[in-house]
Amino acid sequence: DTGVSQNPRHKITKRGQNVTFRCDPISEHNRLYWYRQTLGQGPEFLTYFQNEAQLEKSRLLSDRFSAERPKGSFSTLEIQRTEQGDSAMYLCASSLRSGDTEAFFGQGTRLTVV
Amino acid sequence: SQQGEEDPQALSIQEGENATMNCSYKTSINNLQWYRQNSGRGLVHLILIRSNEREKHSGRLRVTLDTSKKSSSLLITASRAADTASYFCASSYNQGGKLIFGQGTELSVKP
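Residue numbers (our numbering), protein chains in the order written: chain F, 36 to 149; chain U, 1279 to 1389.
It should be emphasised that the hints constitute simulated quantities derived from the structure, not laboratory data. As the structure is a computational prediction, the values presented were derived from the model and not from experiment. Don't be surprised by glycine CBs; every beta carbon is placed ideally from N, CA and C. Where hints are given, some of them may not hold.
Reference excerpt, derived from the structure (chain F facing chain U, CB under 10 Å, subset only) [unchecked claim]:
| no. | residue |
| --- | --- |
| 1 | GLY38 |
| 2 | GLY75 |
| 3 | GLN76 |
| 4 | GLY77 |
| 5 | TYR83 |
| 6 | GLU91 |
| 7 | PHE100 |
| 8 | GLY141 |
| 9 | ARG145 |
With a cut-off of at most 20 Å between alpha-carbon atoms, the simulated SDA-like pairs for lysine to any residue come out as follows [claimed, not checked]:
| no. | chain 1 | residue 1 | chain 2 | residue 2 |
| --- | --- | --- | --- | --- |
| 10 | F | LYS46 | U | GLY1318 |
| 11 | U | LYS1334 | F | GLU137 |
| 12 | U | LYS1304 | F | LYS46 |
| 13 | F | LYS46 | U | LYS1334 |
| 14 | F | LYS92 | U | ASN1372 |
| 15 | F | LYS92 | U | GLN1373 |
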């Protein structure tokens, strides 16, 4: 399978715990994006990387959120001290370097904070 | 905040009918893309239209773009039950490739 892969697919955690999600993009794609989607809404941009460099972060990405792409391949998104409002689908996408190309999305990680 | 607005929010049609969804955006774009999402799943790219294009076709899909009105429409012809999904427009306005999504149109096609 050469698509975007996200793990885990589902995560249930207690409020206050830390969680980490992983995204493996399509291998030749330089750009990697993280989005968050809540029920009934469209995805909202969180951050993106070009290779290993994090080039833009949304104001939605509070200081409890951190994303890395250490070797320019896979990426991790960590949420510290989770809150119930963090419950959402976290989507990863990748694309070629050019900004004028389609993005390919993974199946997402559904986070439930109880 | 999300930039795009879509209407209708929900659309229910019979199999074989055409479905039209509309999208508006707020700032100048490089391109506009349409995605489909089945319940609880990831997004599937349908079609991309660049800012200098006015119309594009892909199979049963037809997309138009009116940059003067900052709007786009997606037409699905001869709909099938398998087209039942949420459809999102997403605008790209810089070279970074970041997408700003609308709230989506939930399409239900009844057999």
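Item to complete: Please verify that hint: TYR83(F), Cβ, nearest Cβ of chain U, below 10 Å or not.
Response: Holds: closest Cβ of chain U sits about 6 Å from TYR83(F), inside 10 Å.
Fill in: Interface restraint verdict for GLN76(F) against chain U (beta-carbon cut-off 10 Å)
GLN76(F) check passes; min Cβ-Cβ to chain U is 6 Å, inside 10 Å.
Fill in: GLY141(F) as an interface hint toward chain U, with CB separation required under 10 Å
holds, 5 Å
Discussion item. Quick check on PHE100(F) please, does its C-beta sit within 10 Å of some C-beta on chain U?
Written reply: Not OK, violated: PHE100(F) not within 10 Å of chain U, min 16 Å.
Item to complete: Would you settle whether the hint for GLY75(F) is holds or violated, based on the nearest Cβ-Cβ distance to chain U being less than 10 Å?
Response: Constraint on GLY75(F) satisfied, holds at 8 Å.
Discussion item. Does LYS1334(U) sit within 20 Å of LYS46(F), going by the straight-line distance between their CA atoms?
Written reply: Since the Cα atoms of LYS46(F) and LYS1334(U) sit roughly 39 Å apart, the hinted pair is violated (cutoff 20 Å).
Fill in: 20 Å limit on alpha-carbon distance, applied to hinted pair LYS92(F) and GLN1373(U)
Distance ~15 Å between LYS92(F) and GLN1373(U) Cα, so the pair holds.
Discussion item. For LYS46(F) and GLY1318(U), compute the direct alpha-carbon distance and say whether it is at most 20 Å.
Written reply: holds, 14 Å
Worksheet item: Would the pair LYS92(F) and ASN1372(U) pass a check requiring their Cα atoms to be no farther apart than 20 Å?
Response: holds, 14 Å
Worksheet entry | Status of the hint placing GLU91(F) at chain U (closest C-beta pair under 10 Å) | Nearest chain U Cβ about 6 Å off; hint holds.
Item to complete: Take the C-alpha atoms of LYS1334(U) and GLU137(F), compute the straight-line distance between them, and say whether it is at most 20 Å.
Response: holds, 15 Å
Fill in: Hint check: 10 Å Cβ-Cβ cutoff, GLY77(F) to chain U
holds, 3 Å
In summary, the structure is inconsistent with hints 7, 12, 13 from the numbered list given earlier, while agreeing with the others.
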